[in-house]
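Undergrad: Next come the chains, spelled out residue by residue.
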Amino acid sequence: MTEPELVAKLVAVVSRVAGRERTPPDAGPDTPLTGGGFFLTSVGILEVIVACEAAFDIAFDSELDLSRETLATIGSLAGAIARKLAA
Amino acid sequence: MTSTSAVRPPAIQFAGRRWSSEEVGARAAAWAAHLTGALGPRPPLVATPLVNHPDSVALFFALCAGPAAALILSADPRSWATSPRIPAGTPLVLTPGQRDLAGPASAAGLAPVVLPDPAPAAATPRFAFPALVFLTSGTTGLPKPVVKTGEAFLHSARATAAMQEVPRGAGIIGALPLSVNYGFISTLVLATAVEGTLGLLERFDHRAALALFASRAYHYFSCTPFMADVLSRCPLPGPPPPAPPAVMSSAGQLPPAVFRAFVARFGVRPRVTYGSTEGNLVCALAPGDPEQLESVGRPAPGIEVRIGDDPRHPLPAGSTGRIWYSSPWYMRGYGFPGALEPREEVDGWFPTSDLGVLDGAGFLTLLGRSDECFKTAAGHLVNPAQVALTLRAHPAVLDVAVVPLATPAGTAVGVLVETEDELDAAALWTHAATCLPASAQPEAIAPVPVLPRFATGKIDRGACMALLREQTSLGAR
Chain A
0 MTEPELVAKL VAVVSRVAGR ERTPPDAGPD TPLTGGGFFL TSVGILEVIV
50 ACEAAFDIAF DSELDLSRET LATIGSLAGA IARKLAA
Chain B
0 MTSTSAVRPP AIQFAGRRWS SEEVGARAAA WAAHLTGALG PRPPLVATPL
50 VNHPDSVALF FALCAGPAAA LILSADPRSW ATSPRIPAGT PLVLTPGQRD
100 LAGPASAAGL APVVLPDPAP AAATPRFAFP ALVFLTSGTT GLPKPVVKTG
150 EAFLHSARAT AAMQEVPRGA GIIGALPLSV NYGFISTLVL ATAVEGTLGL
200 LERFDHRAAL ALFASRAYHY FSCTPFMADV LSRCPLPGPP PPAPPAVMSS
250 AGQLPPAVFR AFVARFGVRP RVTYGSTEGN LVCALAPGDP EQLESVGRPA
300 PGIEVRIGDD PRHPLPAGST GRIWYSSPWY MRGYGFPGAL EPREEVDGWF
350 PTSDLGVLDG AGFLTLLGRS DECFKTAAGH LVNPAQVALT LRAHPAVLDV
400 AVVPLATPAG TAVGVLVETE DELDAAALWT HAATCLPASA QPEAIAPVPV
450 LPRFATGKID RGACMALLRE QTSLGAR
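Just so you know, the protein sequences line up as chains A and B, in that order.
Just so you know, we're using numbering that gives the first Met the number 0 here: the first sequence kicks off at 0 and counts up by one.
Just so you know, we're using numbering that gives the first Met the number 0 here: the second sequence kicks off at 0 and counts up by one.
Think of the hints as simulated: they come from the structure by calculation, not from any bench.
Each residue gets a CB set at the ideal place from its N, CA and C atoms; glycine is no exception.
It is possible that part of the hints are untrue.
What the hints assert, rightly or not - Partial list, computed: chain A residues near chain B (C-beta under 7 Å):
| id | residue |
| --- | --- |
| 1 | 18 |
| 2 | 30 |
| 3 | 34 |
If we strip away everything but chain A, and leave its shape as in the complex, we get:
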């Protein structure tokens, strides 16, 4: 999977959790998952993590893989997914 393909798939996953009303029209790698982007709450972030595990067939280690920085934007989360897929 190329990086743009991964990002596009991730945007679709996050958009499904956030709902279309909360999805910015130009969502991309720099879009924050929380304020100023998808406005996800902590519950929504957890939903995204579970949805990503299902969509990409991976299992995150919350301490090693999911820092505050990792969960900042679509791009940073895509990077974490790419590392899990490559491992």
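Using the hints, position chain B against chain A.
TA: Only chain B this time, still in chain A's reference frame:
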């Protein structure tokens, strides 16, 4: 009830490290000694943002060594606005890791006290819970402080241990936030009461919870419907680990689909509890009770429940009405110590805003509320008036309806916004994110030119819920 039991902190398992009871107690004792000088002459109230971290637990026990009542806050300064207001100048005690909250504390009129790194202390004293103040969803817009004795917490937790057959020394999983009354009592206080080990998670995370399950070291796991849902459907790399024998779900009722999925995956039936910030535990399903998806169980030992408009003349079994209960661990009142509102009660019976029905065997089923508050799948009681008040402050909002939104995982906060202009959705989401506490954040906001109303002009909440369901995509997973 004037005497308070002397207790020791529980041992804590946190982020791969075990903190013994003695270690937590020694840290608490060192900080208690520091606070004796730092707080000055006997303040009546001391606040702390209680977070899921061993340092914060040690700080809580340090406050147990002093005479002041302890006000338990979250670490989110947006949630510090209360009615009545927290008295100006109230000390807010912070662990060294919470020093960033000193600025917001000063801005809120509190007096921040940042603790130093703890000096080694050999003493491992026993502690007595002070009077505790937790915040509950207010009926007039802002959270209300609720004052209970320390013994009320321990008494209620011991009743839970007896009812749920939690043995002495048991492991208790702490995945709920300690700053919330239910999270505090069903994790930290329960682990203290049974002299057990608290498996503390900084925040709920399904992988960490599953790892605690797999360790087989835990007997009791208290969760929200949302947590049970996530654990039931998250991908697993292998066979599911064994769940603790006592899995308790708050928020009154568990969606049947979530209950069935949890049982199918873990072979353990989650049991529902019913309680409140004012009264702690009221009812729960117990081991051996028949499977009932609708019921919240029978009254805990020491509790009695009645149904009707007047508890002195209760309705017979099978009748629907307002829920009242008598309780040995009910709150002392709303407000802060020294300035409490009188409790609403009738001959020792305390009212709730919940409607319910008792069956012939004494099992209680909840049937909604007499006010407009609702509980989300994450376990938070949301006051629509509070959310609406905040959102109406946005200049593009003419009026707003805040209603429960049914999603596959349970209830979320939904908002319909009446607006004349093209609504800048991002600006409104930003306004909500900035001004509302995390527990009250909407999951869906939809603009409409006119809110559905009755002929009287009052907002038709049922029609708003239907309209929001049509307009939002959150219903699908």
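Undergrad: With reference to the structure, classify each hint as holding or not holding.
TA: A quick look at each hint next to the structure:
1. Annotation: interface hint on residue 18/A holds; nearest CB of chain B at approximately 4 Å, less than 7 Å.
2. Among the interface hints, the one on residue 30/A is violated; its C-beta lies about 11 Å from the nearest C-beta in chain B, farther than the 7 Å criterion.
3. With a least beta-carbon distance of about 5 Å to chain B, the hint placing residue 34/A at the interface is held under the 7 Å criterion.
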